[in-house]
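**Student:** Those sequence lines, one after another, are chains A and B.
The first sequence begins at 0 in numbering that gives the first Met the number 0 and counts up by one.
The second sequence begins at 0 in numbering that gives the first Met the number 0 and counts up by one.
If you are wondering where the hints come from, they were derived from the structure by calculation, not from laboratory data.
Be careful, since some hints might not be right.
[Stated by the list, open to error] Computed list of lysine to any residue pairs in SDA-like fashion (alpha-carbon distance at most 20 Å, straight line): (1) Lys69/A x Leu66/B; (2) Lys44/B x Gln44/A; (3) Lys232/A x Pro213/B; (4) Lys203/B x Gly133/B.
[Claimed, not checked] Covered, in the sense of this in silico footprint (three residues per stretch, anywhere, with C-beta under 8 Å from a C-beta of chain A), are these stretches of chain B: (5) 202 to 216; (6) 265 to 273.
Note that CB positions come from ideal geometry on N, CA and C, so glycine has one too.
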Amino acid sequence: MKDFTSHALNVATAKGARYADIRIIDHRQQVVSVKNGNVDGIGDQYSQGFGIRVLVGNSWGFASSAFVAKAEIERVATLAVQIAMASARVPGPPVDLGSPVRSTGQYTTPIEVDPFSISLEQKLDLLFRADEILRRNSGVRVSEANAIAVRNHKFFSNTEGAFVEQILYESGGAVAATAVSDTEVQTRSHPNSFRYQGTGGWEYVTDADLVGNAERVAAEAAALLSAEVCPRKDTTLVLDSSQVALQIHESCGHPTELDRVFGTEAAFAGRSFLTIEKRNNFRYGSDIVNLTADSVRPTGLGTFGWDDEGVPASSTPLVRDGEFVGYLMSRETASTLALESNGCMRADGWNRLPLIRMTNVSLEPGTWELDDIIADTDDGIFMETNRSWSIDDMRLNFQFGTEIGYEIKGGKRVRLLKNCTYAGITPDFWKSCDAIGNSRHWRLWGTPNCGKGEPMQTMGTGHGASPARFRNVKVGVFR
Amino acid sequence: MNFRQIADVVMSASSADETEVLGFEENESLTRFANNCIHQNVTEKNVQITVRSVIATKIGIAISNDLRPESLRELAIRASNVAKLQPPNPQFKGLPRSQVITPVESFDGAVAECTPEQRAASVGIICRKAAQAGCAAAGSMTASSLNVGVANSNGVFAEHRLTLADESTVIMGPNSSGWAQRTGWHLAAIEAEALADEAISKVKMGADPVDFEPGEYSVVLEPYATADLLEMLAYDGMGALAVQEGRSWMNGRIGERIMADSVNIVDDGTNVAGIPWPFDFEGVPKKVAPIVASGIAVSPVYDSFTAGREDGKQSTGHATPPSPQGRFGPAPMNLFLRPGSTSLETMIKTTKFGLYITRFWYTRTVHPRDAVVTGMTRDGTFVIRNGEIAHPIKSLRFTQSYVEGLKYTQAIGETTRVLRSGFGGAVSVPAVQLGKFRFTSSTR
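With the sequences and hints as input, model every part of the structure.
**Tutor:** Written out as structure tokens, the structure reads:
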């Protein structure tokens with residue numbers, strides 16, 4: 000493989016690049032989907048190819064191809080340089096990549112059971128068993144169960160001397176039940192509404208206990224049809240850990256991406272209210288709010304050995320004791336702030352340019368038992384499992400909805416509620432956080448569907464969270 | 000290897016009862032700019048071969064981008080092996096039979112051959128105009144070409160090549176911004192000067208926006224915002240699978256008048272005014288599919304699977320690509336909201352008090368059965384008072400049933416704009432004037 004990477008980098012340099020890197024990726028994905036007792040989708044997907052990124056002067060170019068052959072590598076490296084030279088016709092400021100990156104080594108996701116060693120028959124058996132239990136409930140119109148296995152074999156090399164090889168495994172699965180009446184449709188999912196997915200082996204799926212949770216999921220979906228609609232009021236809100244994870248993703252993860260802050264995502268993904276003068280100078284949340292970006296915690300979708308610039312995995316604080324202190328950075332953006340990259344550049348395939356992406360952005364655990372948070376709440380609403388999400392382009396005004404909710408009265412969960420939504424402004428919301436669940440309730444969730452960039456890239460990100468309580472939140476904005 | 004050769008290799012290696020080959024060959028180039036300079040500039044050459052093998056009523060799927068003959072043969076075997084593992088699915092009635100497909104032109108060599116230098120020149124116009132206006136421009140220009148082929152063992156063989164050109168920009172001033180976009184299958188659709196002028200004029204109009212109390216107001220929507228109405232209604236249930244599963248806004252409404260008489264929504268894959276594509280991903284010719292006619296909900300669109308579940312139904316030619324992830328179901332990819340006879344100026348003049356909205360952003364479904372959607376206004380929101388645009392306001396969040404919104408349609412614009420859809424395909428939409436629209440919060 001080194002022959003290919005060296006050749007590409009030599010061609011790029013000879014054509015005029017002052018920096019170049021290449022990624023060669025062999026991607027395999029196997030998905031099994033079952034719906035209403037039938038196979039809804041099943042199969043393997045293979046994709047291989049390479050992408051070359053070059054810096055000529057202060058302008059970038061990127062070209063990629065599915066055909067991994069020496070002549071094609073020459074063509075693509077030459078094209079990348081030509082594209083960079085074209086970029087220079089509309090030039091930007093000087094590009095400084097900071098310290099050279101000379102990483103070398105190998106990394107493989109720690110797994111107990113290779114997800115591709117589990118036969119399709121075994122996967123189907125698991126999913127059909129879960130699906131059958133979902134369908135036992137007469138209120139369920141659509142039952143679904145799925146499992147995924149991913150293997151990414153990546154090589155990265157750059158003109159500064161880096162050469163790393165990684166094999167990243169992902170596994171995941173979920174069940175969902177949709178209950179339907181003449182006028183209503185309600186869905187419940189487990190473990191999460193997006194597919195539950197992490198870096199790991201098949202044990203990640205078996206630990207999720209899809210079969211053991213199917214009966215509950217079906218019953219909750221059916222019960223929601225006749226539940227009361229979430230009332231519209233300002234109240235105390237308690238979120239389960241998966242919804243806190245979504246809240247972190249949208250209102251902390253994205254606004255701390257430094258490319259957004261610098262405006263380079265303005266036309267598509269949006270910008271950020273966390274402008275550079277706010278670093279170490281802005282109260283983002285209450286004193287108990289501590290948010291961390293890391294790429295080292297086991298099972299996170301943002302866990303790896305090196306990012307797609309060859310920068311090693313690391314852990315950095317974003318919010319400490321409520322104060323905003325750090326960003327998610329690339330080499331180029333970090334150097335603008337006289338910092339070093341914390342390794343957040345990733346591309347969703349060989350054919351895409353690396354962008355700043357969340358790694359595992361997590362809320363550190365607090366001290367509360369969930370039961371104590373509920374018992375300590377006189378009047379409020381408990382919401383669980385994300386259903387809808389929308390936030391403005393500066394990541395301030397958000398409105399999220401959940402699959403299920405419960406009214407809290409006198410420290411107890413009482414009425415079941417459907418169509419639950421809540422809304423707020425990011426820093427006001429996090430400043431109202433007055434209770435966070437302890438490490439027993441902390442779970443590292445995966446978001447496999449984060450969209451960013453043009454052409455659109457879909458990336459997996461991780462978010463650890465415990466349940467948390469927020470005061471004076473507007474809920475029930477449904478119509 | 001051309002698509003017919005690829006299909007032949009796969010078919011000859013397949014032992015399945017029925018075999019389908021879907022091929023994509025894509026060349027996509029995209030130039031991104033921000034802060035008045037090009038910061039990302041990419042090109043991609045890729046292929047994807049999807050094999051669907053059918054044994055009795057069992058379906059296996061295998062996907063690869065490896066075109067070596069031995070790999071294609073292995074792909075066919077893999078798809079068959081996957082099919083064999085399954086229990087029968089009696090709802091599947093087989094792959095489509097061959098039908099006559101009328102070719103349609105949607106390929107422009109100027110797009111396929113658009114160079115990085117040409118893209119830089121187009122983008123440069125926008126960046127320079129923005130800089131001259133004291134603003135910062137961001138956006139992108141795409142030039143892509145796609146060859147798609149579908150073949151199956153029942154005699155279907157269809158090929159189509161198309162191009163897509165798209166350029167869009169957000170131009171930002173100190174406290175306001177403007178948006179403009181052009182889409183077409185021909186390069187002439189891209190008008191960089193006009194794009195820049197449109198966005199800069201919105202920056203100027205929108206300067207110094209003020210807070211505004213959310214509530215229910217009449218609105219005039221530019222085509223960019225109207226596009227979102229169609230896209231989200233499509234996502235929330237213009238396909239038969241969503242209706243069959245009870246999660247569509249069309250459930251219980253087919254045959255009923257649910258929108259204003261003036262509302263006519265149709266999917267027309269053959270209309271060269273959009274981004275035409277004469278057949279779907281199963282090789283079935285696209286039929287002109289009325290979805291809402293004179294305000295009455297007519298029908299969702301079908302693929303062969305969903306049509307096979309209902310007596311007497313035929314596919315309308317709206318299959319999406321087969322995926323191991325599960326069926327997305329049929330979807331309209333060339334939606335048209337038929338134009339009316341009212342100019343944008345007249346819509347504003349006839350609004351006593353309301354809001355003028357450039358576009359919606361980050362819209363998501365809150366509840367699919369009524370197509371309740373939440374999202375933000377962006378890049379220019381204005382108060383209309385006594386028939387004139389009075390002043391800009393800060394962006395607002397809305398939470399609104401799009402079905403109900405179109406029930407209060409007061410006027411539809413006389414001209415339409417083709418826009419690339421976020422869900423694939425394109426929409427062709429005019430401005431609309433709606434009597435009621437619910438805004439639920441504001442931002443800073």
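**Student:** All hints are to be evaluated individually against the structure, with a verdict given for each.
**Tutor:** To see whether the hints hold, each was checked on the structure:
About 17 Å separates the Cα atoms of Lys69/A and Leu66/B, which keeps this hinted pair within 20 Å; it holds. As the CA atoms of Lys44/B and Gln44/A are separated by approximately 18 Å, the hinted pair is consistent with the 20 Å bound. Between Lys232/A and Pro213/B the CA atoms are separated by roughly 16 Å; this keeps the pair inside 20 Å, and the hint holds. Taking the CA atoms of Lys203/B and Gly133/B, the gap is near 11 Å; set against the 20 Å cutoff, the hint holds.
Note: the stretch 202 to 216 of chain B has 0 residues with beta-carbon separation from chain A under 8 Å; the three-residue rule is not met and the coverage is violated. Counting residues of the stretch 265 to 273 of chain B whose CB lies closer than 8 Å to any CB of chain A gives 0, which falls below the minimum of 3, so the coverage claim is violated.
Violated hints, listed in ascending order, are 5, 6; each of the other numbered hints is respected by the structure.
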